[in-house]
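Undergrad: Given next are the chains, with one letter for each unit.
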Amino acid sequence: MARIEVPMPQMGESIAEGTVSKWLKSLGDAVERDEPILEISTDKVDAEIPAPASGTLVAIQVQEGETVEVGTIVAFIDPEGGAPDASAGGGAESAPAPAPAEAAAPAEAPAAAPAASSDDAPVEPDSAEDRLRTRSTPVVRRIAEEHGVDIAQVSGTGHAGRVTKQDILDFIESGGPARTPAPAAAPAPKAAPAAASAPPAPSMEPSELWKAFYGQVQHPEFPVREADRVEPMDKIRRLTAEHMVLAKRVAPHVHSVIEIDFTAIDRIRAANKARWKEQGARVSYTAFVAWACSRILREFPMVNATVSGNNIIYRGNINLGMAVDLNPGLIVPVIHDADDLSLVGIGRKIIDLADRARNRKLQPSEIQGATFSITNPGVLGTMVGMPVIPKGTSAILGTGAIEKRVVVLEDEATGSDTIAVRKRSLFSIGYDHRLVDGADSARFLARLKDVLEHFPEDA
Amino acid sequence: MVRTGRLDYRSGLALQADRVVARRGGQVPDALFLVEHDHVVTLGTGTHDEHLLHDESRLRELGYDVAEAGRGGDVTYHGPGQLVGYPVLALEAERRDLHRYLRDLEEVVIRALATFGVEAVREEGLTGVWVPGGKLAAIGVRVSSGWITSHGFALNVDPDLSRFGAIVPCGIAHRPVTSLARELGTAPSMHVVEGAVVDAFTDVFGRVRIPSETG
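Protein sequence lines correspond, in order, to chains B and C.
Each residue of the first sequence is one higher than the one before, starting from 8 at the first, in my numbering.
Each residue of the second sequence is one higher than the one before, starting from -12 at the first, in my numbering.
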């Protein structure tokens, strides 16, 4: 039985979320295709959302007054008209990806077989064989036969204890002993992490658990004390909070740090100061760093990439996310195709984006599509930061404060040491160890150091 | 275009509701209703109670009707001297974008005002039409199943502005409400403003006038 998802619709290009203002239908109501089932409101608009199919409204995921992102599933419709908290046997058309479960609905059997197992269900089990049949699909029985497995030995996690295909494959893989599957603990992340679905439920299939884990954020609540002040999070705070939790949950973070000497960059800044001033350009240290990253990222494809399901997406563009402090709040506008821009061009772009970010004038496209990010905790004097890798990317660079330090320099020709005062900074990289190994990050940092310390005059 | 003249608010709601159903069924073409309402305070879905400065019974004593509007947005006031436009349109595919629709309605009012030499603008994040002296037109809409629009815009031609004093219009406390009469120093006739609005509307929405039901 495939249940049909009702997502929060995209009601306009620049509309990212909607508030459910009113459910026009109740749980268990029959609905006709295109009949309005709920009303949403965004900004100055109320809109009716029609049912995508006829059937029964079997689950309401988002309550009145709640605001959710576009694409969030707000309800499920069962085209076969099942009751909201009962679930009939798996039909022939069951989708390969199990429908997200509700607390009340038992997990359905992912029947992949062309024959409908529901045909078996009404049969009164009067023999051991029949009893087994009612607990399995033809595919499962075929696999059992091929491997000489007695289905009775396998514990079923499907509907009403049915043995699913996954159950029997797990059983065979585990060597065959009668083992008790622990659905909540067995990692089976075969489905690509997708958008938010159902809240975690005790009857959840493992793959659904992972889906919820990667797609949903719930912040625990704490008691309020007398002198406290309680405020709702504003939109930026809320999005940041959710993003950070998911980003940390998904990617195993590792950080490495390197020290960069700014002598060469200072020389170039001094030499070009007058010219840049004439052009009305401001080329900050950050612009140098962004330019250098944009030029070397192609040598490190895994740093300009992301893990997606069981695949790696190597990004074809170099889009630099530049974290901007809104005080309070954080936004990350993106310099698209930064490798097409000159040093001065990047300098201008950074100032333009930061200004417009602070005045809330960014277009939605200007905060999307980053392939690598740069954050600058050093601007406020912090020596080094350990930044969180934005979702959908594999690395982020953190630039520390640029400070004068006493350093020991070795003369390459004579081998003699001298003590000098140099402007230096600690740079950190946070990287997703699923995709980037320690040595990759070390090579990236070494190359970045090399470019910054021998910065080309004609950038 | 359907010009109804003076109409109480609830009749206006019923008129639109019927038209939406008929439009969805294809029995009638797109329409723009132009209306003047009796004094009424209307509550949008986004209404904050604190933006009603009196309770409902007090508002009624003061001569306002109070009605749930079934549109987006906060509380607003309608009354004589205000030109209210209710487009009931089946939006075509490329116009099925709520923000675009709001911007298009603003454009209609901005172009209509330009014919009187009033340079009105949009304000980022504050849907409506603005001049330096304040808000000239409020906008709040509803999109029904099948992308059929209702509700729309309210342009202050020459209303009694003190009547807005009972509410915080659209929940925006720090910006005054103004009228075309105040901006121009003289009140243009409602009829002339209607003509300008219809011209702008047909331009912006690419509609043509057809001999209308009531003129």
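Just so you know, these hints were derived from the structure itself, not from any lab.
A quick note: this is a predicted structure, and the numbers were derived from the prediction, not measured.
Cβ coordinates follow ideal geometry from the N, Cα and C atoms, glycine included.
Treat the hints with care, since some could be wrong.
[Claimed, not checked] Okay, derived cross-link-like pairs now, SDA-like style, lysine to any residue, Cα gap no bigger than 20 Å in a straight line:
(1) B:Lys368 to C:His26
(2) B:Lys398 to B:Gly323
(3) B:Lys242 to C:His35
(4) B:Lys242 to C:Gly133
(5) B:Lys29 to C:His35
(6) B:Lys29 to C:Gly133
(7) B:Lys242 to C:Leu113
(8) B:Lys29 to C:Thr34
(9) B:Lys255 to B:Gly336
(10) B:Lys456 to B:Ala446
(11) B:Lys32 to C:Gly133
(12) B:Lys242 to B:Lys32
[Claimed, not checked] Restraint-style ranges between C-beta atoms, simulated for each label pair:
(13) B:Pro16 to C:Ala9: 42 to 52 Å
(14) C:Gly182 to B:Ile243: 43 to 53 Å
(15) C:Asp5 to B:Glu39: 16 to 26 Å
Undergrad: Please list, smallest to largest, the hint numbers that this structure does not respect.
TA: 1, 4, 12 and 13
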